[in-house]
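**Q** Now for the letters of each chain:
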Amino acid sequence: MLIGHQPKEFLLAVSGLTVSFDGFKAVNDLSFYVEENEIRVIIGPNGAGKTTVLDLICGKTKATSGSIQFRGKELTRMKENEIVQTGVGRKFQTPSVFEDLTVLENLEISYPRGRSVFGSLTFDRDAKVKERIEEVAEIIFLKDRLDTYAALLSHGQKQWLEIGMLLIQDPDLLMLDEPVAGMSVSERAKTAELLNRIIRDRSVLVIEHDMKFVEDIAHKVTVLHQGQILSEGTMEKVKNDPKVIEVYLGH
Amino acid sequence: MIINSRFLNRSELVGFISLALLLIVILPLTLDIFRLNLVAKYLTYAFVAIGLVMCWGYGGILSLGQGVFFGLGGYCMAMFLKLEASSVANTKIQSTPGIPDFMDWNQITSLPFFWKPFHSLPFTLAAIVVVPGLLAYIIGAAMFKRRVGGVYFSIITQAIAAILTILIVGQQGYTGGINGMTDLRTLLGWDIRTDHAKFVLYFVEVALLFGCIVAAQFIRLTKLGRILVAMREQEDRVRFSGYSVANFKIFAFCAAAVFAAIGGALFTLEVGFMSPSFVGIVPSIEMVIYTAVGGRMSIFGAVYGSLLVNFAKTSLSETFPQLWLFGLGALFIAVVLAFPNGLSGIWADYVQPHIDRLLSSRKSSWGDNGSVADGAPAE
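As you go down the protein sequences, you meet chains F and Z in turn.
Be aware that the first sequence starts at 139, since it is given in my numbering, and climbs by one per residue.
Be aware that the second sequence starts at 630, since it is given in my numbering, and climbs by one per residue.
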């Protein structure tokens, strides 16, 4: 499924992407396109290569072949931090926040300024930064926890904090890996509300197993199976696809 | 809601003042010049330990080769002093007058090219900082850009310490070999062996030590300091927040190297010689122990750790020379197992709360209500 020309409006164009680990092709000749302001959900059974796709886009894993174009820039040749600076943000499956730092400091590190060694030596927590941090802290329900060490937060609060860190980073493409996994019912509802708020004005790529959640947010769904696309389209179309029912939704 | 981080909080200010009192007033008044010179020698290791607090305590990069940088700083200083001591007049009995005595003993007949710039004091002072800094940069870039970290990095730094020792011992015509550079006499004509010189050098050293403490404290309080802590815990999160982790590690490693080198140069001045026995694996590991005992997260702890362990080393090895190494090993194991944050951790956990309670109870009995906000929680 190779396409020769890429229409301009695609924010992210993945084409012919392949990665093999010792001969095992975790992602095999994968191509898909994400538009501006689109919310795309990737679903699929365990081991389908969902997380690997996100790893490839954000540079954590190097592709064996294929290309990933983001706003016309080739991401496969860039380093992780350069990819972030281009405008791609990534949230990991397990909450990864800095436990020995306060909520405020966690958010401050994600603020997109002073990212070089000397930039960070001279970084000044000015009014603009403080204002933005307080604004984000309010959105992620942690406004009264700014001076709390992240280690003392609950699992759900850590997830929110990480989402907040991505929000302050303000990426054009936000990638979320199972954002509601391991959360209590009330935390889950709050997170859905939070995600609905932060996915405005940007493109989002989400991996999720919670079908209710997927139906709520997805513009388009991509079903992965054994490193390849099994089906792609609206939730309605995917849900009724016999191949999808057989390998994934059926059980 | 957001509180400004001040340069020193109350307990750090107390720590700063008490250290200054101890080093500037109490020790010089109570110790004779011989003991004060010993303290000066111990304090040279405090520079290394402060560097290790930044690099290891904050950044999580354990270098077991700080002796390399300590030694390079020390050797740079020693080369200058040795050249000054080897004037033609002083060395006229040699077959080649005007070169250091160990060169003459090794049948070297002219000063090697890399020795020549060390006739100049400004060059030497620059080299003390630049040479170790540059080496740390090269090692750091080679390791961290390739994502070599953790234990592997520690082992490689240890190997470098061993290599440098072998190099210095093997090239004795250029380095003085196993004996090192001895018989250092004057600094720009000023005799550094007199009691008065030792007294003056002690205060120069204390001033430089406080300079390093302030620099380390400054770095700790910038965003860079917080990124070091962040990196120690969640390297990937830092990377995916848009930072080049390797560059920050290189910075921390270079800063630690420069601090160690300043300590090494002062060591040469205080003790009057430099030898490979301060470069290798054993001294490098001892430097890590000073930091661990003092508390690897505490800049002040590093200073006290260096003083106390060295003091114990001198007193114990005078009485039980065989037992000292076992004692040092036991100390390290005890710190790691029982007090992972060293003396500063013991202080913060057991002593500080008592002082706070004492202060606050006195305050409340005086009916003081003005300074409640100072110690009150932020919320």
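Simulated from the structure, these hints should not be mistaken for laboratory data.
Values in this document were obtained by computation on a predicted structure and should not be read as measured data.
Where is the CB? At the ideal position from N, CA and C, for every residue including glycine.
Check before you lean on any hint, since a few could be wrong.
[To be verified] From the derived model, a few chain Z residues whose C-beta atoms are all more than 10 Å from chain F:
1. K721
2. W734
3. P751
4. I856
5. V858
6. R866
7. Y872
8. F877
[Unchecked claim] Quick list of in silico lysine to aspartate or glutamate cross-link-like pairs, EDC-like style, CA-CA up to 16 Å:
9. F:K200 <-> F:D167
10. F:K375 <-> F:D354
11. Z:K774 <-> F:E220
12. Z:K721 <-> Z:D733
13. F:K381 <-> F:D354
14. F:K198 <-> Z:D865
15. F:K198 <-> Z:D733
16. F:K375 <-> F:E353
17. F:K217 <-> Z:D865
18. F:K266 <-> F:D315
19. F:K217 <-> Z:E864
20. F:K200 <-> F:E220
21. F:K296 <-> F:D264
22. F:K296 <-> Z:E862
23. F:K198 <-> F:D308
24. F:K381 <-> F:E370
25. F:K358 <-> F:E370
26. F:K377 <-> F:D354
**Q** Hints first: check each against the structure and report whether it holds.
**A** A quick look at each hint next to the structure:
{"no.": "1", "hint": "K721", "result": "52 Å, holds"}
{"no.": "2", "hint": "W734", "result": "46 Å, holds"}
{"no.": "3", "hint": "P751", "result": "25 Å, holds"}
{"no.": "4", "hint": "I856", "result": "6 Å, violated"}
{"no.": "5", "hint": "V858", "result": "5 Å, violated"}
{"no.": "6", "hint": "R866", "result": "4 Å, violated"}
{"no.": "7", "hint": "Y872", "result": "5 Å, violated"}
{"no.": "8", "hint": "F877", "result": "6 Å, violated"}
{"no.": "9", "hint": "F:K200 <-> F:D167", "result": "14 Å, holds"}
{"no.": "10", "hint": "F:K375 <-> F:D354", "result": "15 Å, holds"}
{"no.": "11", "hint": "Z:K774 <-> F:E220", "result": "14 Å, holds"}
{"no.": "12", "hint": "Z:K721 <-> Z:D733", "result": "11 Å, holds"}
{"no.": "13", "hint": "F:K381 <-> F:D354", "result": "22 Å, violated"}
{"no.": "14", "hint": "F:K198 <-> Z:D865", "result": "9 Å, holds"}
{"no.": "15", "hint": "F:K198 <-> Z:D733", "result": "58 Å, violated"}
{"no.": "16", "hint": "F:K375 <-> F:E353", "result": "12 Å, holds"}
{"no.": "17", "hint": "F:K217 <-> Z:D865", "result": "12 Å, holds"}
{"no.": "18", "hint": "F:K266 <-> F:D315", "result": "30 Å, violated"}
{"no.": "19", "hint": "F:K217 <-> Z:E864", "result": "14 Å, holds"}
{"no.": "20", "hint": "F:K200 <-> F:E220", "result": "14 Å, holds"}
{"no.": "21", "hint": "F:K296 <-> F:D264", "result": "25 Å, violated"}
{"no.": "22", "hint": "F:K296 <-> Z:E862", "result": "15 Å, holds"}
{"no.": "23", "hint": "F:K198 <-> F:D308", "result": "20 Å, violated"}
{"no.": "24", "hint": "F:K381 <-> F:E370", "result": "11 Å, holds"}
{"no.": "25", "hint": "F:K358 <-> F:E370", "result": "7 Å, holds"}
{"no.": "26", "hint": "F:K377 <-> F:D354", "result": "14 Å, holds"}
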